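Student: Put together the whole structure using the sequences plus the hints.
Whatever position you read off the sequence shown (first residue = 1), add 383 for this note's numbering.
Check before you lean on any hint, since a few could be wrong.
Stated by the list, open to error - Computed list of lysine to any residue pairs in SDA-like fashion (alpha-carbon distance at most 25 Å, straight line): (1) K437 to V509; (2) K626 to D559; (3) K609 to P560; (4) K385 to R540; (5) K626 to A613; (6) K437 to L448; (7) K610 to D587; (8) K385 to G475; (9) K437 to L465; (10) K606 to R629; (11) K437 to A420; (12) K606 to A541; (13) K606 to R535; (14) K606 to V509; (15) K637 to R474; (16) K626 to Y639; (17) K606 to G498; (18) K606 to K437; (19) K606 to R407; (20) K606 to Y639; (21) K606 to G511; (22) K626 to D449; (23) K606 to A549; (24) K637 to P615; (25) K385 to Q400; (26) K609 to L465; (27) K610 to R489; (28) K626 to R598.
It is worth saying that the hints were derived from the structure and are not from the lab. Nothing here was measured: the structure is a model prediction, and the numbers come from that model.
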Amino acid sequence: MKLAVTAGADDPRLQAQADALALRLSLPRVQQPDAAAYVLCCDPAGLQLRQTGKGAPGPLSASFLDGERTWRLHHGGGKGQLIARAIGRHRGARPAVLDATAGLGRDAFVMAGLGCRVTLLERSPVVGALLEDALQQLRQCDDEELAAIGDRMAFCRADALDYLAACEPVDLIYLDPMFPEAGRGGGVRKAMALFRELLEEPADERALLDAALARARYRVVVKRMKKTPAVPGRAPSYQLSGKSTRYDVYALQKYY
Numbered sequence: 384m385k386l387a388v389t390a391g392a393d394d395p396r397l398q399a400q401a402d403a404l405a406l407r408l409s410l411p412r413v414q415q416p417d418a419a420a421y422v423l424c425c426d427p428a429g430l431q432l433r434q435t436g437k438g439a440p441g442p443l444s445a446s447f448l449d450g451e452r453t454w455r456l457h458h459g460g461g462k463g464q465l466i467a468r469a470i471g472r473h474r475g476a477r478p479a480v481l482d483a484t485a486g487l488g489r490d491a492f493v494m495a496g497l498g499c500r501v502t503l504l505e506r507s508p509v510v511g512a513l514l515e516d517a518l519q520q521l522r523q524c525d526d527e528e529l530a531a532i533g534d535r536m537a538f539c540r541a542d543a544l545d546y547l548a549a550c551e552p553v554d555l556i557y558l559d560p561m562f563p564e565a566g567r568g569g570g571v572r573k574a575m576a577l578f579r580e581l582l583e584e585p586a587d588e589r590a591l592l593d594a595a596l597a598r599a600r601y602r603v604v605v606k607r608m609k610k611t612p613a614v615p616g617r618a619p620s621y622q623l624s625g626k627s628t629r630y631d632v633y634a635l636q637k638y639y
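Tutor: Written out as C-alpha cells, the structure reads:
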C-alpha cells in the first residue's frame, strides 16, 4: 500500500477527521501508520504527510505557524524581499494574485502578508489537503495579524491549465514550476522528494506560461533557480536575481 490515512493519537476528534479525509480522498484508512509507505496523518499539530520505514525523513506539513514564516512576517513582512519587487508591492501596488502552482503555499503566504489577496491553485488532492488544513489553522490562530493573512488566502483545488482556460482576467499570475532538487534547502528537498514519489508530473512550463500571459492583466511572475534558463517562448521583461533564486517578470502594462 503506497498511501493511506491515519490518526496520530487516540483522540475521537482526530479519528473522525481521519475517517472523513480518507473518504474524501478515496484512500485506505489504517490504524497502524507503518501499514503504508506514506501516510496522511491527522496529528494534534495538524495534518502531516509522513514517509514510513527505517531512515524516513521527518513529517511534512504546510503549516504557516512555524518560527521561520512568522519571523519573516514580524521582521519586515517581506517588503525587502525580491518577491515584493517582483509583484510590484514596493511601489505601492497591491495586485490580486493567482498563485497557479501553489504547492505548500510558502510564497502565497508572503504575498498575502504584503497585503495582496491570493488565490492558491493546487491540483494534487494530497497537497491540497495539507494546504486546507494549514489555512484553517492560520485563520483560527490567536494572532490577529496572522489570522488576517489567512483571510486573504483562498484555496482552490484545480489544474492550472484548466482553470486558466476558463477564468476571468486577474491582476497578476504567479508561477513556481517544480524546481530540480539541487541547490535548495533541506525542507524543500524533502518536500520535492515526497512530491516526486506521490504526485503527477508537473505541467508543461511553456503551456503554463502561455496560458498565464493570456489571462494576466498587469504581469506574470515566474520563480526560477538562479542558473535555470527562462521558460521557452516569450522572453521576460526583466529579471530579479537573489543568491539562489530568480524572478522572471513579464510586464504587460503598468498597474492601475
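Student: Where does the structure disagree with the numbered hints, that is, which hint numbers, in rising order?
Tutor: Hints 6, 8, 9, 16, 18, 19 and 28 contradicted; others consistent.
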